[in-house]
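Engineer: Read off the chains here:
There are 2 protein chains.
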Amino acid sequence: MVAMRMMVAAAVGVAATLVPETLAQVSKAEACETEVDASKVQLREGTMNSKVLRAEYAVRGPLLLRALEIEDDLRSGTGDYPFSRIVKCNIGNPQSLGQKPISFTRQVLSLVMNPELMKDRSTTSYPSDTYERAEQYLDAIGSIGAYSESQGVRLVREEIAAFISERDGGVRAHSQDLFLTAGASEAVKTLLTLLIRDENDAVLIPIPQYPLYSSLTALMGGYMAEYYMGEEDNWAFDIEEVRRAIRAAKDLGKTVRAIVVINPGNPTGSKLTEEDMREIVSFCLEENLILMADEVYQKNIYRDDDTFTSFRSIVQKMGLLSEEGIMQASFQLASFHSTSKGVVGECGLRGGYVEMLGFPRAVIDQFYKLSSIGLCSNVPGQIAVGLMVNPPREGSPSFAQYEEESMAVFGSLKRRAAKLEAALNAMPGVSCKPLEGAMYAFPKIELPESFVAACLDRGQSPDVAYALELLESTGLVVVPGSGFGQREGTYHVRTTFLPPEDVMEDVLERFKAFHLSFMEKHAQAAQETQ
Amino acid sequence: MVAMRMMVAAAVGVAATLVPETLAQVSKAEACETEVDASKVQLREGTMNSKVLRAEYAVRGPLLLRALEIEDDLRSGTGDYPFSRIVKCNIGNPQSLGQKPISFTRQVLSLVMNPELMKDRSTTSYPSDTYERAEQYLDAIGSIGAYSESQGVRLVREEIAAFISERDGGVRAHSQDLFLTAGASEAVKTLLTLLIRDENDAVLIPIPQYPLYSSLTALMGGYMAEYYMGEEDNWAFDIEEVRRAIRAAKDLGKTVRAIVVINPGNPTGSKLTEEDMREIVSFCLEENLILMADEVYQKNIYRDDDTFTSFRSIVQKMGLLSEEGIMQASFQLASFHSTSKGVVGECGLRGGYVEMLGFPRAVIDQFYKLSSIGLCSNVPGQIAVGLMVNPPREGSPSFAQYEEESMAVFGSLKRRAAKLEAALNAMPGVSCKPLEGAMYAFPKIELPESFVAACLDRGQSPDVAYALELLESTGLVVVPGSGFGQREGTYHVRTTFLPPEDVMEDVLERFKAFHLSFMEKHAQAAQETQ
Chain A
1 MVAMRMMVAA AVGVAATLVP ETLAQVSKAE ACETEVDASK VQLREGTMNS
51 KVLRAEYAVR GPLLLRALEI EDDLRSGTGD YPFSRIVKCN IGNPQSLGQK
101 PISFTRQVLS LVMNPELMKD RSTTSYPSDT YERAEQYLDA IGSIGAYSES
151 QGVRLVREEI AAFISERDGG VRAHSQDLFL TAGASEAVKT LLTLLIRDEN
201 DAVLIPIPQY PLYSSLTALM GGYMAEYYMG EEDNWAFDIE EVRRAIRAAK
251 DLGKTVRAIV VINPGNPTGS KLTEEDMREI VSFCLEENLI LMADEVYQKN
301 IYRDDDTFTS FRSIVQKMGL LSEEGIMQAS FQLASFHSTS KGVVGECGLR
351 GGYVEMLGFP RAVIDQFYKL SSIGLCSNVP GQIAVGLMVN PPREGSPSFA
401 QYEEESMAVF GSLKRRAAKL EAALNAMPGV SCKPLEGAMY AFPKIELPES
451 FVAACLDRGQ SPDVAYALEL LESTGLVVVP GSGFGQREGT YHVRTTFLPP
501 EDVMEDVLER FKAFHLSFME KHAQAAQETQ
Chain B
1 MVAMRMMVAA AVGVAATLVP ETLAQVSKAE ACETEVDASK VQLREGTMNS
51 KVLRAEYAVR GPLLLRALEI EDDLRSGTGD YPFSRIVKCN IGNPQSLGQK
101 PISFTRQVLS LVMNPELMKD RSTTSYPSDT YERAEQYLDA IGSIGAYSES
151 QGVRLVREEI AAFISERDGG VRAHSQDLFL TAGASEAVKT LLTLLIRDEN
201 DAVLIPIPQY PLYSSLTALM GGYMAEYYMG EEDNWAFDIE EVRRAIRAAK
251 DLGKTVRAIV VINPGNPTGS KLTEEDMREI VSFCLEENLI LMADEVYQKN
301 IYRDDDTFTS FRSIVQKMGL LSEEGIMQAS FQLASFHSTS KGVVGECGLR
351 GGYVEMLGFP RAVIDQFYKL SSIGLCSNVP GQIAVGLMVN PPREGSPSFA
401 QYEEESMAVF GSLKRRAAKL EAALNAMPGV SCKPLEGAMY AFPKIELPES
451 FVAACLDRGQ SPDVAYALEL LESTGLVVVP GSGFGQREGT YHVRTTFLPP
501 EDVMEDVLER FKAFHLSFME KHAQAAQETQ
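Chains as they are written, first to last, in UniProt numbering: chain A, 1 to 530; chain B, 1 to 530.
Honestly, the hints are just simulated from the structure, not real lab data.
Heads up, some of the hints might be wrong.
[What the hints assert, rightly or not] Short, incomplete list of chain B residues facing chain A, as computed with Cβ under 8 Å:
| no. | residue |
| --- | --- |
| 1 | L43 |
| 2 | N49 |
| 3 | A146 |
| 4 | S330 |
| 5 | G348 |
| 6 | G429 |
| 7 | S431 |
In this text, a Cβ means the ideal position worked out from N, Cα and C, and glycines have one as well.
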């Protein structure tokens with residue numbers, strides 16, 4: 001067999017490559033010279049599952065890769081940049097930006113991880129209730145190194161059921177309706193795997209959305225029916241717009257089977273009203289849609305005196321759910337939650353769950369089977385879920401520290417949300433709707449016409465070009481609005497408000513300076529061409 | 001909307017249900033009465049993705065569910081069983097059966113989990129190198145609660161690359177060819193997701209096999225081309241049989257794209273010879289197949305003076321891989337490894353990786369994208385991989401204890417393998433091939449003709465019936481051979497040899513007594529009908 005010698009990375013174009021350090025290394029001519037006749041290997045450019053190719057996921061896309069490249073340069077002292085560090089506001093990853101974990105979580109987890117620490121309590125300075133919790137988990141799981149039940153540790157599911165019931169005013173929840181998963185993402189994936197049969201099955205997805213939904217729908221081979229959130233009305237839900245979207249999908253012969261609702265909103269930072277929520281549930285009943293409720297930001301609500309309202313509680317108020325937590329109508333609700341957000345921010349532990357309400361046993365059985373093929377979700381993540389939903393109670397030894405730490409994280413997130421919103425709205429041509437929840441702002445940026453025209457001329461999305469310029473000028477990594485979807489002709493970026501407060505100040509200063517000079521430059525350019 | 005009141009569990013049949021505690025609870029009339037018109041809800045029996053329904057996964061199937069039900073009865077003192085406990089030999093889950101974790105792994109992980117423990121080293125009695133390793137990981141990841149790179153923590157991938165290179169005699173391995181995943185299972189799933197385009201894409205899978213492969217191939221909508229391992233020849237690989245299988249698949253119009261090889265074998269416990277391995281690689285070159293090498297049992301090799309040979313090292317010896325670790329031919333090798341097996345046995349941490357050799361950048365990019373949709377695999381599991389592949393070295397403070405613990409686990413596994421093999425072969429009508437590796441025996445059981453006929457008459461698989469009788473008589477949970485595949489007319493069960501040695505003695509006694517009485521009963525029945 002004659003093999004053509006070539007650089008694989010060069011063959012497909014370095015700019016298109018997605019793997020960060022390879023990109024860096026290839027550019028430094030370090031690695032990956034390979035002897036492959038690329039037209040002959042079994043799995044290659046033209047022979048992959050086309051559904052995979054259609055799935056897009058922008059949160060960790062090319063912008064991040066350029067950022068990682070710059071980061072490598074800064075570390076090695078090469079390159080010349082007008083900033084000294086990269087600040088990653090592209091992803092809701094609080095601890096990567098210095099948010100401290102809650103001590104209680106980590107104390108209990110360290111005990112469960114190494115039960116030897118429990119032999120002599122004087123070795124640690126942990127409060128006594130951390131030992132009690134660790135013992136309970138160890139009794140339930142035997143060892144954190146053993147596979148758990150595929151559905152998740154029963155004790156943790158019972159803790160979640162109690163949490164849901166308490167949160168929603170006492171209506172009963174059932175451990176057998178719950179599945180523990182690797183973050184909320186895996187739960188969404190499993191449900192869509194069950195749901196989507198072929199390209200005629202459609203899911204209603206908000207625009208803008210968290211691209212998990214579009215990418216998984218594409219991966220499963222389904223159709224994404226887009227409904228737009230009303231930006232002008234603080235990103236409100238608009239039932240007429242959803243009706244338009246479902247009609248359009250039906251006109252294409254699609255079977256619309258589910259609607260995704262993200263509340264509080266990612267990337268919008270907005271929060272649904274109870275009236276909206278009732279309308280959504282009624283619409284689901286009317287159209288026989290599964291309601292996929294992404295409620296992972298339920299603890300991230302920032303308006304004074306505002307609280308989270310779950311879809312479950314609305315369904316109950318509407319008389320669809322009995323006091324015993326049993327669905328009384330032909331209605332299916334899947335609610336997703338995660339350890340990655342809230343004040344806990346334990347992304348790396350990949351803890352999450354879904355509550356499946358109104359699904360017949362046959363569906364639950366198949367969900368269980370899919371879970372069992374992966375054996376179980378990681379047990380540390382499962383325990384992190386238990387600790388999140390069942391925190392120390394008043395009067396327990398860990399309570400004071402837990403409250404203090406949680407309040408500190410929450411208070412700081414709230415301050416940063418307000419600061420970001422104000423700073424964005426103070427920039428000319430930038431408008432940011434009220435940040436009521438979640439961890440993001442999704443400001444609209446009125447880009448200069450000449451800039452837009454020039455970008456489109458060279459086939460580049462204007463928001464991507466803007467975000468890249470922002471990165472090169474300030475070190476700030478945001479995600480272009482096109483990664484989430486936006487009305488044609490409007491341009492946005494998504495940024496988190498997760499950097500520590502002092503870094504936030506600095507970031508906002510630099511963002512503003514960049515934006516002013518960007519607008520100035522293009523105003524001048526426009527004048528010159530007139 | 002008028003809803004019909006009914007018991008969902010009853011509607012689909014309790015026996016068919018898969019969710020353990022629901023089954024127990026429903027049978028106790030505790031839960032889940034629901035108001036659903038089951039013919040109207042969106043997702044129900046007849047409206048699920050049919051590929052999901054076709055995927056079968058027996059390791060956690062109905063037999064386990066019956067076992068969990070009995071376990072509940074034993075706990076609550078109801079029911080009357082001739083044994084006092086259930087022993088789960090259905091799954092390779094060492095720590096659930098009392099295998100102790102390696103102290104070094106858990107010490108480092110507890111420090112990374114709660115870095116507060118590192119402030120004053122006198123609080124723990126950990127060796128100093130555990131602190132050094134924890135510091136290195138914390139430097140690399142920031143916090144175990146932060147998402148890592150989607151491909152996995154770079155430091156861990158570098159540790160794996162060094163491990164592979166050392167294991168295989170110095171040929172270089174590259175961190176960018178490695179992906180960290182939730183156990184090996186997730187890596188297999190991602191590769192099959194990329195590979196299988198439609199029902200014409202086929203994967204060669206050994207019979208018997210670990211049902212991960214059949215279930216995922218079905219789930220992705222592909223075709224499983226079965227090749228039989230030669231039981232009579234100690235479960236040897238038979239190239240002529242594989243040629244028959246590929247011809248048969250091609251005759252059906254299938255495109256055969258990959259071959260799965262499990263070495264050491266699950267469920268067979270056998271080990272390939274180097275000659276077999278060379279033949280497999282040559283066959284892959286000839287037929288342009290991806291070699292999917294399940295090498296998760298590489299540390300579980302029990303014959304004296306025997307060692308593990310990786311497919312990577314064979315490929316290198318055949319001149320296909322350069323000293324720099326670059327593929328020199330049109331050949332693609334994916335090798336899977338996991339923290340769940342070996343002497344570590346950290347199943348619950350869901351650590352695993354795949355090395356992708358000979359795949360062009362376009363494929364690696366798509367693998368990366370699929371990983372990024374799930375954000376990253378859990379970080380504790382990633383660190384567990386690092387600790388597995390880079391254990392304490394001679395001279396380091398943790399070395400002596402690490403060696404002692406590893407050797408104790410290994411020695412005990414080896415003794416139990418020998419004991420199980422001998423005990424099975426001492427039973428009349430049972431034959432077990434040499435247990436050279438892995439954690440399982442897959443004995444053939446010559447079931448009495450009358451029993452087989454009676455089972456087939458009532459539509460039950462004879463091996464399932466035998467395994468159920470074994471469970472009801474002894475409390476021992478095994479998996480019927482039909483879950484892994486077996487030649488028609490032959491019957492097997494898979495059992496692990498993971499119970500502690502004293503429990504193993506007892507289990508084998510009970511197994512033997514059951515089997516003798518089972519054979520006796522059916523011999524008598526046969527005489528009576530003559």
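Engineer: Hint compliance check: list the failing hint numbers for this structure, sorted ascending.
Structural biologist: The structure conflicts with hints 6 and 7, although it agrees with all the remaining ones.
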